[in-house]
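Participant: Residue numbers (the numbering used here), protein chains in the order written: chain A, 1 to 347; chain B, 1001 to 1347; chain C, 2001 to 2347; chain D, 3001 to 3347.
Bear in mind the hints are in silico, worked out from the structure with no lab data behind them. Owing to the predicted nature of the structure, the values given are computational and were not obtained by experimental measurement. Hints may contain errors.
[To be verified] Cross-link-like lysine-lysine pairs, in silico, DSBU-like; alpha carbons within 30 Å at most: (1) B:1148 x A:195; (2) A:148 x B:1195; (3) C:2201 x C:2084; (4) D:3067 x C:2195; (5) B:1176 x B:1195; (6) D:3148 x C:2195; (7) A:201 x B:1195; (8) C:2195 x D:3195; (9) D:3195 x C:2201; (10) A:195 x B:1195; (11) A:201 x A:148.
[Stated by the list, open to error] Chain B side only, calculated, beta carbon under 8 Å to chain A, not exhaustive: (12) 1055; (13) 1132; (14) 1136; (15) 1222; (16) 1226.
[As the list claims (entries may be wrong)] With beta-carbon atoms standing in for the labels, derived distance ranges: (17) D:3315 x A:56: 40 to 48 Å; (18) D:3328 x C:2047: 42 to 50 Å; (19) A:156 x B:1244: 49 to 57 Å; (20) A:304 x D:3047: 31 to 39 Å; (21) B:1244 x A:138: 30 to 38 Å; (22) C:2302 x D:3055: 52 to 60 Å; (23) B:1158 x A:107: 56 to 64 Å; (24) C:2305 x B:1138: 54 to 62 Å; (25) D:3010 x A:133: 55 to 63 Å; (26) A:330 x B:1199: 44 to 52 Å; (27) A:172 x D:3278: 52 to 60 Å.
Virtual Cβ for every residue (Gly too), placed ideally from N, Cα, C.
There are 4 protein chains.
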Amino acid sequence: MLIVMKPDATEADISRVIGVIEHLGYRGHAMPGESRTAIGVTGNKGAVDPTHFENLPGVADAIRVTKPYKLISNDLRPGRSSIKVGNAFIGDGSLAMIAGPCAVESVDQVFKVAEIVAASGAKFFRGGAFKPRTSPYAFQGKGEDGLKILAEVRDQFGLNIVTEAMDERGVDLVVKYGDCIQIGARNMQNYSLLKYVGQTKTPVLLKRGLSATLDELLLAAEYIMSEGNYDVILCERGIRTFADHARNTLDISIVPAIRRLSHLPIIIDPSHASGHNYMVEPLARAGVAVGADGLIIEVHPCPQEALCDGAQALTPEQYVGLNSQLATLHDALNVRPGAVEMSEALA
Amino acid sequence: MLIVMKPDATEADISRVIGVIEHLGYRGHAMPGESRTAIGVTGNKGAVDPTHFENLPGVADAIRVTKPYKLISNDLRPGRSSIKVGNAFIGDGSLAMIAGPCAVESVDQVFKVAEIVAASGAKFFRGGAFKPRTSPYAFQGKGEDGLKILAEVRDQFGLNIVTEAMDERGVDLVVKYGDCIQIGARNMQNYSLLKYVGQTKTPVLLKRGLSATLDELLLAAEYIMSEGNYDVILCERGIRTFADHARNTLDISIVPAIRRLSHLPIIIDPSHASGHNYMVEPLARAGVAVGADGLIIEVHPCPQEALCDGAQALTPEQYVGLNSQLATLHDALNVRPGAVEMSEALA
Amino acid sequence: MLIVMKPDATEADISRVIGVIEHLGYRGHAMPGESRTAIGVTGNKGAVDPTHFENLPGVADAIRVTKPYKLISNDLRPGRSSIKVGNAFIGDGSLAMIAGPCAVESVDQVFKVAEIVAASGAKFFRGGAFKPRTSPYAFQGKGEDGLKILAEVRDQFGLNIVTEAMDERGVDLVVKYGDCIQIGARNMQNYSLLKYVGQTKTPVLLKRGLSATLDELLLAAEYIMSEGNYDVILCERGIRTFADHARNTLDISIVPAIRRLSHLPIIIDPSHASGHNYMVEPLARAGVAVGADGLIIEVHPCPQEALCDGAQALTPEQYVGLNSQLATLHDALNVRPGAVEMSEALA
Amino acid sequence: MLIVMKPDATEADISRVIGVIEHLGYRGHAMPGESRTAIGVTGNKGAVDPTHFENLPGVADAIRVTKPYKLISNDLRPGRSSIKVGNAFIGDGSLAMIAGPCAVESVDQVFKVAEIVAASGAKFFRGGAFKPRTSPYAFQGKGEDGLKILAEVRDQFGLNIVTEAMDERGVDLVVKYGDCIQIGARNMQNYSLLKYVGQTKTPVLLKRGLSATLDELLLAAEYIMSEGNYDVILCERGIRTFADHARNTLDISIVPAIRRLSHLPIIIDPSHASGHNYMVEPLARAGVAVGADGLIIEVHPCPQEALCDGAQALTPEQYVGLNSQLATLHDALNVRPGAVEMSEALA
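Next comes chain A alone, as it looks inside the complex (with noise of 0.2 Å):
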C-alpha cells in the first residue's frame, strides 16, 4: 500500500496517516518528494483496506502495489536519493570516488594511500578492517585495530570512510568508527544482518550478490529500508558466469535497469569484477559512461606485497592517472543536475 499525499498536504496530515497506520499494526515509511510526499506501508500480511485512508485529509490517493518492493520504488520516489556519506553525498550527480586498499595492513600502508586519494580530490576512503576470504587460513583482518588507523585517516585527510562489516560486533564498531557500513557480496542475502544495519543510522554500501538477479538485490536493499535506514548505495562488483578471462563478469546493464525502477544511487567496482590490474581502467571509464554515480577503486602502494587481492590493485601513479581521465569523461558526458538529499528531505 502507497498513500500519496496532495501537494498542500500539511505535517499534521502526514503525522495522522502515518498514526493511523500504526494504529493498524503496520509501519509507515514517509517519502517526501519534491512536489509531495508519499507514505509506503510495510508490515502488512495480506492487503490492506484503501478505505482506511482515503477519506482522510490530505489524502490524494492510496495505492495497492502489486510489486515486492515498495520502498526501493520510483513510484515512492520518483526522483533520484542523494545519499549523506560523512560530510559529502553519493548520487548528487557528482562522480563519487571511493578509493584504497583491499585491506587495512599498516599506518604506513593505509596513509600513504590516503594521502594520494586526498590529494586526487575523492571525498571517501576504503579499506577492509574484517575481511571475508574463502579459507578460514587466510589473512581475516586487523578488526578494531584496523578500524582506528581507518578514523586516523579521516581526521587527517578529511576523507570519509567507507568499510566493511560482516555480523553484528563489526556493525557496531563500522558505526562508531566509519562513516559507511559496506556490505558484501557474500552478505547480501544474510538477512539478519541487513536487518541489524537497518536500524543503525549510518549508510549503508550495499553489494550485488555473485548470482543475485536485479530483484534480488533491489530486495536486500529493501531489507534494510524497511527496518528505518533508508540510506543505501547499491554497488556492482561483477556476478559469476562461465565467463573465465576476468574474476568476474561485470555486468553493467544493472545501471539502467536499476535507474528505471530505482531511486537509489548505484555504484560501480571495476577491481573485485575484474581481478586484474590491467582491466581496472577501461572497466572504470565504462562505468563512468554508463552512468554510474561513482566507482569504488583499490589502490596499495606496493601491490605485489599486498596480503590479499593485490593483482588487482592500481599502483598511486596508475589511480592518478585514471582518476583525471574519468573527471574529463564525467564532464564530457555532462549528467543530470544534482539529486535531493533524501536524509535530510526524511528530517
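We have chain A already, so just place chains B, C and D on it with the hints.
Facilitator: Just chains B, C and D now, kept in the frame of chain A:
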C-alpha cells in the same frame, strides 16, 4: 601441515604431538582412521617446519599440504565419515531420509507430517522456524515457538530435528531445541556464522551456495571444522544457471567430485533444486543413484496452502510412495559397507 | 492450429483434411495416436481460421496453438514416441545403450570396442568421423574413410551406427553409411543444417547446446520435424555453468521437464557432461534413475592414447561393468511399458 | 611454429621460407608488421623442427608456439589490425558505426533508415536477409531479394554492407552483394561454415557465441584465418547468464582481454546484448569508453512494427542523438593513432 602417525602410535604419542603443535601457537586436529591417526595443523600463517615433528615418537611422516583445505580432506581421513545426528547416523551407508515441511506453521500441520515421516521409517525431520525470504514482507517463520513444536516432534515420534539458523541467536536456539543446525545456501559464505556454529557441538548441515564452486563449499566446511566442530554434512540443493525449466539446476556431479576429495557425507535436496512437485521424485531417484548419503525432502499435508514453497512440497501420499521406491533403488545399488563414526572416533 | 480427428475417422477423412490444409498453402503433419489422429498445421504466418475444418467429416476439434512448438508437443501426440534407428528402437521402454569411441581412429581401435559393445547386448554404436574441435589445429576426424569403417562395424556386429554430421556433405555421407545422424551441441542452432536433416529420412540425435534453454532445444527439434522428419531423439550432454569440477554440468532435470511437454525420447551423455572417467559411472546411473530412454557413452580400448577426449572414455572393462549395473538398475525401476513406434504409425 | 624475419629480410627471403613450409606439407601465413614480417606455420600435427628454417637467409628466429592460437595473436603481429570493409576501415582508430534494421523488410523501410545512417556520417550499414530464428515458424528473412535491396543501399548512399550468412549458399550471396559477412552467435562454432568463409576474400564479422569463452572466440577466428582470410572483426553481443533484467549480459571486459592477446578489432553490439531500447544508449557509451573499435546498432523507422527484435531497435531520432553523443565521447577519450591496415600490408 599434516602429521601421519604410525599404526602402533599410542594415545600418549598423539597427545605429545598435539602439545608441540599448541606450543608453537597452532591448533592440532586429531583424526583417527581405520589403521592410523592423522593430525591436521591449522592456524599457521606460512609453512610449518616439519623437523619439529619428524623425530617425535610414533610419527610416521609430516607432510606439507598445498591444497587450501585440510580437515575436510581424504588425505587426513581416508575413510568416509559417519555423522551422528541425535540418535541416528548420516554417512554410515544407509540412506538418510530427512523429511518435513518447508516452514513450521502450526502444531497440527507439523504433527500430521511427522506421523507419516516416522511411519515411513525415516529418522530425521526437517522444518524451518527461521525462514530466509527474498522479500522482507514475506512470512519469516515462527521463531522459538516453531522450535518448541519441533522439539515436541522429537519427543513424540523419536525423529531427530534438522532446522535452519540464520544468526547467532538462532544457533543458540537450535542447539537448545534441535539436533542438527542447517546453514542455508545464502549463508554458505557468512563466515562469522560458520565460525560460530564451529564452536558448538551440534552437527551442521551445510547447504551449497547458489553459485558456490566445489572448492568454496569445501572451504566453508573447513571454516566450521577449523573451530573444532567436525560433524559437517554437505548438501547439494541446485545451483543458479541460465536454465529456466527448474528453479535451480541440480548438480549431481558434485557427489562423485566430493567423494574424491573429502570424507564428509553429502546429501541431495531435490525439492529446492527443482521448485516443482513433479520433478522431486525423478531427481530424488537420481540422487540415490549417483551415490548420495541421503535426501532432504519437503512434505506438506496440504501443499497448496503452504506459507512458503508449496509448489515443490510432496503430499504425504507422494512421500510414502517415493520412500518405498528409493528404498528399492538403494538396495539394488548395494552400496558400500558402513563408515566409521567420526565424532565417536574423535572422543 | 491443431486438428483433432474423431476416434472413428477414416484414412479418407484424414487425407481430405490434409488436402484442405495444403490448398490453403500450409503444411499438414498427421500424427496418429493410440485412439485418434491429430494433424498439426505449420507454415501459417498468422492465425488460421478454424471454420475451414470444423465441419469436415471426421473432425472432432480445431484448436489454436499458442505455444511456439507444435510437432514436438504432447498435445499433438499424447503417448511417447519410439524411434526406429536401423533395426532397433529408442524410446520403446528399453534402455538404449549407444557406446563406442569418441573418434574413429583405425579399424583395429573401432573393432576392439565394437566387439565388446555388441557382446554386452547394446544395439547402437557411436564413433565420430567428423570431429568438431575448438582448435583448427586439432585432429578433425577421418571423414568418409571413418564412415566406411563404421559401416563395416554394422555389417560384422549388427550394431546400428550413430555418428555426427557437421554440414550438408557430411549429412549425405551419414545417410549413406550410418543409421542415425548426430547433430552436435555446437550446431544445435545451425538452422540451415537442421532443415537439411529434416529433409532426410534418417533418424536424428539432437544434442542440447551448451547454453540452450528447454524451449530452444524443443524448437530445434521442431525445425527438423517441420521439414517432415519426425524421428528426433533429444540428448542432454551437460550445460555450461560456473561450476568447474566437471567439464559441463549435467542437467538431469530436463528429463522430467521434457516428459511433460513432448513425446520425443531423451537420452543422457555422461561422458561429455563430465569430462572425467571417474564420473561417468555415477552420472550414468543417475541418468537411468531419472528416467532417460538411453545413454551414449564413450569407450576406448586405450583411453590414454585416444586422439580426442581420452580423459573421459571408459575402458572396455569399465563399460562391461557399468552396463550390467545399469541393467539391474533399469529393472529395479520397472519403467513404463513400450511406446508406439512413431515412424511406423505415420506410414 | 612462428618464423620471425629480420628487419632487412627481402620479399625473396620471405617467399623462400614459405616455399620450404609448403614443401614440408604445411601452410605459411606471412604477416608484415611495422618493422619486420612474421610467418605463421599451420597444418602441422605435432612440433615442427626449427632447424628447417633457422639458417635460411633473412630468418631471425623460429619459435615454437604453445598457445592454441597463432594467427590471431599479438606474438605474430604486435600492432593492431585495421580491416578494410568495402571502402572504409574498422580498427584504424576511428569509431566504426554499423547501423541499420535487424531484418530487411522492404525497400521503403531500408531506405528510410539508410538515409539517416548515411547523413549521420556512418560508413557501414547492417540488415539481415537471412534471419536465424529460434522458432521455425517465425519470419526467416527475405533472402536474395533482401540482399539486392542492400546492394542498392550501397549504390545510393555509399554505405558498406554488413549482413549475415547462415550457410554456404548464403555466403556466396553475401560475397556477391555485400561487403562483410556476418557470422551470428549461434554459428560461432559451426566450423564448416567458418572454414568456408575463410576461403573467401570478404571480411568477416564474427559474433561471440552465447556461452563462448575468450579462447573459443579467438579459436573461431583462428579457424577463418587458417584458411587464408585474415580480415576478421570480433563482436561482443552479450553472453547468457542467470541475470534476467537484460536479454543477455554484455561482457565489456572482453575488450581489454582481447587487446592483450590479439591484433584483431573488436566491436560491441548493445542492441542484441540488452534487448531493450532504453538500455542501448548507456551500453553504447560504455562500449566506446571501454575502448571498442566500433558499434553495431539496430535502427528501425517504426520499431513497434518491426518483424523481428523491434523492442531493442532505436528510432532514427534516437540514433542521431546517440551518434553525436558517442562522437563527443570518443573524442574525449582521445584514442590511439591509426593502426596499420592488415589486408594491404599482406598484399
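Participant: Can you list which hints this structure breaks, lowest number first?
Facilitator: 4, 12, 22, 27
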